Amino acid sequence: MDIIIFRIAAVLYLASAVFYVYYLYHTRPSTAKKGYLLLLSGFVVHTTALTVRGVTAHHFPATNLFESLSLFCWMVAGGYLLLEWRYRIPILGSFVAPLNCLGVIAATFNPQAITPLPPALKSAWLYVHAAASFLGEGAFALAFVVSFVYLLQERHIRRKRLGGLFQKLPSLSQLDDLNYKLLTLGFPFLTLGIITGAIWAQYAWGSYWSWDPKETWSLITWLIYAAILHGRMTVGWRGRRAAILSVIGFGAVLFTFLGVNLLLPGLHSYSAM
Amino acid sequence: MDILVVGINHRTGPVELREKLAISQGEAKGFYSKLLDYQRVREALILSTCNRVEVYSWANKGGEDHIISTLEEVKGVPAQEIMPCLYIYRGEEAVKHVFMVASSLDSMVIGEPQIVGQVKDAFESALTSNATGVILNQLMKKALSVSKRVRTETGIGESAVSVSYAAVELAKKIFGDLANRRAMLVGAGEMAELAAQHLVHQGVSHLIVVNRTPSKAHELAQRLKGEAAGMDLLEAKLIEVDIVITSTGAPQTIISRETVQRAMKERKRRPIFFIDIAVPRDVDSEVQRVENVYLYDIDDLEQVVEENRKRREKEAAKAEAIVEQEVERFFQWLRGQEVVPVIVSLRNWCEEIRLRELEKAKARLRLNGKEAKALEALTAAIVNKILHPPLSYLKDASARGEGEKIAKLVRELFSLEEKDADTHRDQR
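Protein sequence lines, in the order shown, are assigned to chains L and D. By our numbering, the letter at position 84 of the first sequence is numbered 84, and the numbering carries on one by one without gaps. Position in the second sequence counted from 1, then plus 1000, gives you our numbering.
No lab work stands behind these hints, which were simulated from the structure alone. It is possible that some hints are incorrect.
Pairs of lysine-lysine, DSSO-like flavour, derived with a Cα cap of 30 Å [unchecked claim]:
1. D:LYS1172 - L:LYS181
2. L:LYS168 - D:LYS1314
3. D:LYS1318 - L:LYS160
4. L:LYS34 - D:LYS1142
5. L:LYS160 - D:LYS1310
6. L:LYS168 - D:LYS1318
Covered stretches of chain L (chain D as the covering partner; in silico rule of three or more C-beta atoms under 8 Å from a C-beta of chain D) [stated by the list, open to error]:
7. 157 to 165
8. 171 to 181
9. 234 to 241
Derived Cβ-Cβ restraints for the label pairs, each shown as a range [what the hints assert, rightly or not]:
10. L:ARG159 - D:ILE1239: 21 to 31 Å
11. L:ARG158 - D:SER1145: 37 to 47 Å
12. L:LYS122 - D:ILE1239: 57 to 67 Å
13. L:TRP205 - D:LYS1268: 42 to 52 Å
Since this is a predicted model, take the numbers as computed values, not measurements. Glycine included, C-beta positions come from ideal geometry on N, C-alpha and C.
All chains should be built: construct the whole structure from the sequences, respecting the hints.
Spelled out as structure tokens, the structure:
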């Protein structure tokens, strides 16, 4: 049941991405508006799919790769909807919507059956740990897109090529501010995710930290983002440097999320997180 | 009757002649009263800007001669002098020209925004002088809506086409809102001052004027409402300001990479934008290698302007397609207008006959209310049924473009009086 609803959401996301990409070429407010409404309806349907799955499986839907990717895309879509509602920069949707769509499509390539949760992991900590981690990573994903757009726009200005896209993209200052805001939003959630993960590990496995690859890479990710924020506050790592670091940080997020699961076996290997 | 455009613009006539022919708002009323007559020119509108003097009209054959001789009379310029510079458009060409002008496609700088306001003012002035009628009102309303469509659907007015505006546009893409940003002008020069003025206009909160000569700095600072400072403070001020415009006569660069690097450290790497308008250059081009430092010299800006101009020309082709579409639509409406008067008078004529005969019949037969109503309905139905085929034929003819011919035929066929038809024209 939840799979069918999920597919409907995927179709809506795809339609939204089509409008948003078209908006790059044909910058009319009505085109972006259609993209936004489709994304919103995709998000609502997606919410239903996740709820149905959570209720049927009796656990938070973040226990295998399909569920994790789906939840991740849900966070990104929801986060972007808030971002556009608050800041009105629809051109960012032209980058977020297709990436989100790719994530949803990637999710469908994984086994979609509900896997029963090992008794050891049945805990309320699952909810806090997964929710905090995903909120943090959703914010970092948006910061990544914003930084990518920053680098693109900066390239236009540096190369002195002020073509059509230059006109359409927002100002460097706006993008830099947004990057910073998203990083300061994501960082506490990532920290909370790691701490609650450690507490949960103590309950489930009897030790707070066992240096399994997932844990190690989470720490690396955390250190990268901590460095970005620290550098910004003390010596002014802003603009280009902040954007590049934000892109690298998100690379670490993706590796922690996907790379570890696919390449490095460990305690987390049955789940995505 | 036809739509007629008689005019001279920056391409066809020299500025001296355009000046002589320019018609001010005050003169317009007198000009209209001399120009308008029922025979030759029924409706008219004058558009007089620094780049063009044009008369739009709804006129009969020979209208252009009347317009030219009126111009000659009012402005005292001999016709021989005007004639070689004049263009005359009629029908679709004329409508297209009006739409192109209003959409800023006929302007010296394509896409410049002032023309829309000028067209609006000219239209309003003509309206208050009662110089326009059904046809020109519709033409001008349409022209303004076409102009709006062109502006929203193409990028014709998007990018700056002067060096100082291009610099301001760039500053906006770097800093976003320019309010609360600080700028510094080093040296003097027309273009640099203009750019500084634009920046202040866009909300830059503080302007520092640096000059080698203190008196010059003070004088400029006063004019631009900024703060004067000596050359020795240049490096210190680099820490405070976000935008630097340089335009000195110095033989070598005055701002080096090392200076900027030091300043950037102090600024905590907040971005800074150098606009170097000086030749030879004031800012070492190595400066742009420093992180978050942007540098545009005069050649860069001129290239930006050149590219923008090309982009506008490309967009102009798109805009012209829109204009052509709208000309077609306007003509559909106009053709409909040709048969409207004859339809109205045919209907009135039949209605008159019906009422007259109805009264006669009612007087003869003593009818009760119900019977009278039935008779009324009967006669109305007969008239409507008979009129239906010729009226739809007239409408079809107008859509085919034969409206005028068929309208004339119908008028002759039913001996409809000319003056009947004219009641339509006076319904302004």
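**Request:** Can you take a look at whether the segment 171 to 181 of chain L is actually covered by chain D? Rule is 3+ residues, C-beta closer than 8 Å.
**Result:** holds (count 4)
**Asked** Are the Cα atoms of LYS34 of chain L and LYS1142 of chain D separated by 30 Å or less?
**Response** holds, 29 Å
**Asked** Within the assertion that chain D covers the segment 234 to 241 of chain L, do at least three residues meet a Cβ-to-Cβ distance smaller than 8 Å?
**Response** holds (count 7)
**Prompt:** Is the distance from the Cβ of ARG158 of chain L to the Cβ of SER1145 of chain D consistent with 37 to 47 Å?
**Reply:** holds, 41 Å
**Message:** So if I understand the rule, the pair passes when the alpha-carbon distance is 30 Å or less; does LYS1172 of chain D with LYS181 of chain L pass?
**Reply:** holds, 21 Å
**Request:** For the range 57 to 67 Å, tell me whether the beta carbons of LYS122 of chain L and ILE1239 of chain D fit it or not.
**Result:** holds, 59 Å
**Request:** Return holds or violated for the Cβ distance of TRP205 of chain L and LYS1268 of chain D against the range 42 to 52 Å.
**Result:** Since the Cβ atoms of TRP205 of chain L and LYS1268 of chain D sit about 44 Å apart, the hinted range of 42 to 52 Å holds.
**Prompt:** Is it true that the CA of LYS1318 of chain D sits at most 30 Å from the CA of LYS160 of chain L?
**Reply:** holds, 26 Å
**Prompt:** Are the Cα positions of LYS168 of chain L and LYS1314 of chain D separated by 30 Å at most?
**Reply:** Given that 30 Å is the threshold and the Cα spacing comes to 17 Å, the pair holds.
**Prompt:** Okay, ARG159 of chain L versus ILE1239 of chain D on CB: inside 21 to 31 Å?
**Reply:** Holds - the Cβ-Cβ distance for ARG159 of chain L and ILE1239 of chain D, about 27 Å, lies within 21 to 31 Å.
**Prompt:** Going straight from one Cα to the other, do LYS160 of chain L and LYS1310 of chain D come out at no more than 30 Å?
**Reply:** Holds, at about 16 Å.
**Check of the segment 157 to 165 of chain L against chain D for coverage (Cβ-Cβ below 8 Å, three residues minimum)** = holds (count 6)
Consistency with the previously given hints is maintained throughout, with no hint failing.
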